[in-house]
Amino acid sequence: MATTSTLDTLNIALPAKLPLDSGQELENVCIAYQTYGELNADRSNAILVCHALTGDQHLASPHPITGKPGWWQRIVGPGLPLDTDKFHIICSNVIGSCMGSTGPASLAPDGKPYGMRFPVITIRDMVRAQIAMLDVMGIERLHGVVGGSMGGMQALSLSANFPERAARIMVIASTARHSAQNIAYHEVGRQAIMADPAWQGGDYYGSGQTPDKGLAVARMAAHITYLSEAGLTEKFGRRLQNRPNGEKGEKSFGFDADFQVESYLRYQGLSFTDRFDANSYLYITRATDYFDLAEEHGGRLADAFTDTKSRFCVVSFDTDWLYPTAESRNIVHALNASSAPVSFVELSAPYGHDSFLLNVPALDRVIKGFLEG
Amino acid sequence: MSVLRPDLEVIARHVPAGSRVLDVGCGDGELMHVLAHGKHVDARGIEIDPEEVERAVARGLSVMQGDANRELTAYPDDAFDYTVLSQTLQTAERPDLMLDELLRIGRKAFVSFPNFAHWRMRLALLWHGRMPVTSHLPVTWYETQNIHHVTVSDFRELLRQKGVSVERSWFFSSSREIGAMGANWRAEYAVYLLSR
Numbered sequence: 001m002a003t004t005s006t007l008d009t010l011n012i013a014l015p016a017k018l019p020l021d022s023g024q025e026l027e028n029v030c031i032a033y034q035t036y037g038e039l040n041a042d043r044s045n046a047i048l049v050c051h052a053l054t055g056d057q058h059l060a061s062p063h064p065i066t067g068k069p070g071w072w073q074r075i076v077g078p079g080l081p082l083d084t085d086k087f088h089i090i091c092s093n094v095i096g097s098c099m100g101s102t103g104p105a106s107l108a109p110d111g112k113p114y115g116m117r118f119p120v121i122t123i124r125d126m127v128r129a130q131i132a133m134l135d136v137m138g139i140e141r142l143h144g145v146v147g148g149s150m151g152g153m154q155a156l157s158l159s160a161n162f163p164e165r166a167a168r169i170m171v172i173a174s175t176a177r178h179s180a181q182n183i184a185y186h187e188v189g190r191q192a193i194m195a196d197p198a199w200q201g202g203d204y205y206g207s208g209q210t211p212d213k214g215l216a217v218a219r220m221a222a223h224i225t226y227l228s229e230a231g232l233t234e235k236f237g238r239r240l241q242n243r244p245n246g247e248k249g250e251k252s253f254g255f256d257a258d259f260q261v262e263s264y265l266r267y268q269g270l271s272f273t274d275r276f277d278a279n280s281y282l283y284i285t286r287a288t289d290y291f292d293l294a295e296e297h298g299g300r301l302a303d304a305f306t307d308t309k310s311r312f313c314v315v316s317f318d319t320d321w322l323y324p325t326a327e328s329r330n331i332v333h334a335l336n337a338s339s340a341p342v343s344f345v346e347l348s349a350p351y352g353h354d355s356f357l358l359n360v361p362a363l364d365r366v367i368k369g370f371l372e373g
Numbered sequence: 374m375s376v377l378r379p380d381l382e383v384i385a386r387h388v389p390a391g392s393r394v395l396d397v398g399c400g401d402g403e404l405m406h407v408l409a410h411g412k413h414v415d416a417r418g419i420e421i422d423p424e425e426v427e428r429a430v431a432r433g434l435s436v437m438q439g440d441a442n443r444e445l446t447a448y449p450d451d452a453f454d455y456t457v458l459s460q461t462l463q464t465a466e467r468p469d470l471m472l473d474e475l476l477r478i479g480r481k482a483f484v485s486f487p488n489f490a491h492w493r494m495r496l497a498l499l500w501h502g503r504m505p506v507t508s509h510l511p512v513t514w515y516e517t518q519n520i521h522h523v524t525v526s527d528f529r530e531l532l533r534q535k536g537v538s539v540e541r542s543w544f545f546s547s548s549r550e551i552g553a554m555g556a557n558w559r560a561e562y563a564v565y566l567l568s569r
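Line by line, the protein sequences give chains A and B.
Using my numbering, the letters of the first sequence correspond one by one to residues 1 to 373.
Using my numbering, the letters of the second sequence correspond one by one to residues 374 to 569.
Treat the hints loosely; a few may be bogus.
[What the hints assert, rightly or not] Only pairs whose alpha carbons sit at most 27 Å apart, straight line, appear in this in silico DSS-like list of lysine-lysine:
{"hint": "1", "chain 1": "A", "residue 1": "Lys-68", "chain 2": "A", "residue 2": "Lys-86"}
{"hint": "2", "chain 1": "A", "residue 1": "Lys-368", "chain 2": "B", "residue 2": "Lys-412"}
{"hint": "3", "chain 1": "A", "residue 1": "Lys-68", "chain 2": "A", "residue 2": "Lys-235"}
{"hint": "4", "chain 1": "A", "residue 1": "Lys-112", "chain 2": "A", "residue 2": "Lys-17"}
{"hint": "5", "chain 1": "A", "residue 1": "Lys-309", "chain 2": "B", "residue 2": "Lys-535"}
{"hint": "6", "chain 1": "A", "residue 1": "Lys-368", "chain 2": "A", "residue 2": "Lys-86"}
[Stated by the list, open to error] Covered, in the sense of this in silico footprint (three residues per stretch, anywhere, with C-beta under 8 Å from a C-beta of chain A), are these stretches of chain B:
{"hint": "7", "stretch": "434-441"}
{"hint": "8", "stretch": "471-484"}
No lab work stands behind these hints, which were simulated from the structure alone.
C-beta atoms are modelled at their ideal positions from N, C-alpha and C, and glycine is treated no differently.
Generate the whole structure from the sequences, applying the supplied hints.
As structure tokens, then:
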């Protein structure tokens, strides 16, 4: 298996229909994934990395559309925290997404794109698909599952619903349930997409028009939640943007991007539309909004972990206000109440929720220590 | 293996193999490491300093970052065979309530603390009239985390009031174990094994 920069995405067609929490079934499910490092003879060294909301399987290889390095490039490799000399790292694209796994842009059995006919999926549905993928791969028990943000929700859901399948569960900057505030921010994004006339009820595939404006606004709103106020202030403050002709920036008394932070957000929003499908954004944000691990287990979070055979490591960041430390503590208290071995650390980093994607050396040490300990 | 602090060494020696232990204020997990690897103890820890926790997690130990004054309430009764509070009692907001929690969560508890009635401390206070700074307690009064200065006699009185049983006790002076006789003025620090 190559770990070079030109890593191809692999595909697995699930052999059976995928049952969903909604009661529906999904046929002909395809999972797109990549692997790094060799699987050992007894298939015991596999680590599943679960990506965040708009992430994908390009964990440590350049993104085919943006050309940017993999989203955890600095974590995965020989001698790195996800050590490819020791482990077989698997990263698959979640169902509902748009990077090769079955999602709203995929063709339904009638040969036309699903669009909004795609069934509403949950985090547990994503995990079911990943377990079905592991079954095809013949991997009975994972050495570990690692996930940040929505990836952390998948790691928790996997431990609760498939307690035998992983020896270690690592949950970074995540939560056991979406708060009203989390849902509120997502709703702003969804409404922005659905208010774009180009959305066309989700039936825009092949129409030559995509709801880029709505999707860009959704991304802009979400992006603010990924950063910290201190980080934004340090990076932009109230500084004004230079004019396109190079003149020093000043207030236009209009609605151009006068402030650097405006220009930054517009860029983040627009560049996102190049690589992401608006309907996937609707479906995946919905999946995270529905996530409530306690609710799935009679209302008591500790009961989600009664059968667990895993060790846990929960990490939060002190500047993350999207999934603040209190959410991580909530998980940890439940794990303690069910006597599961758990570590918890709140790391100090200036970047807000995005800290799990950025250079925080303490996170590297904790990941490595937990997976190799 | 690194050399353990004498009070931790006593605790490590007397924790039975295979038991479940919660080390409250575990630092970077020095004691837990010895217990987990030497005695197959299921060791868990709580530590307030994130850098210490990070080091403990990087050693593969199960450590919770948190304030023991608040976190202990989240643990169920009898969750552990032993709880350990080494050199931390004097930093607790309410040492008496901390003791209750230790013996609620664990069937037995090891507690070690510096003895503020040691003769050097008494002499320093008597001669200089100032809070002593010794090799064992090297921090000045305004910087110290030790907010409840306890003596061996004070601790015995607290145990008596609470009806806590002393299974065993050990006393140390200059890292050497000494007898219980005159411990209140001779011991620099003490280790107790307590039960309900």
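Tell me the hint numbers this structure goes against, listed in increasing order. 5, 8
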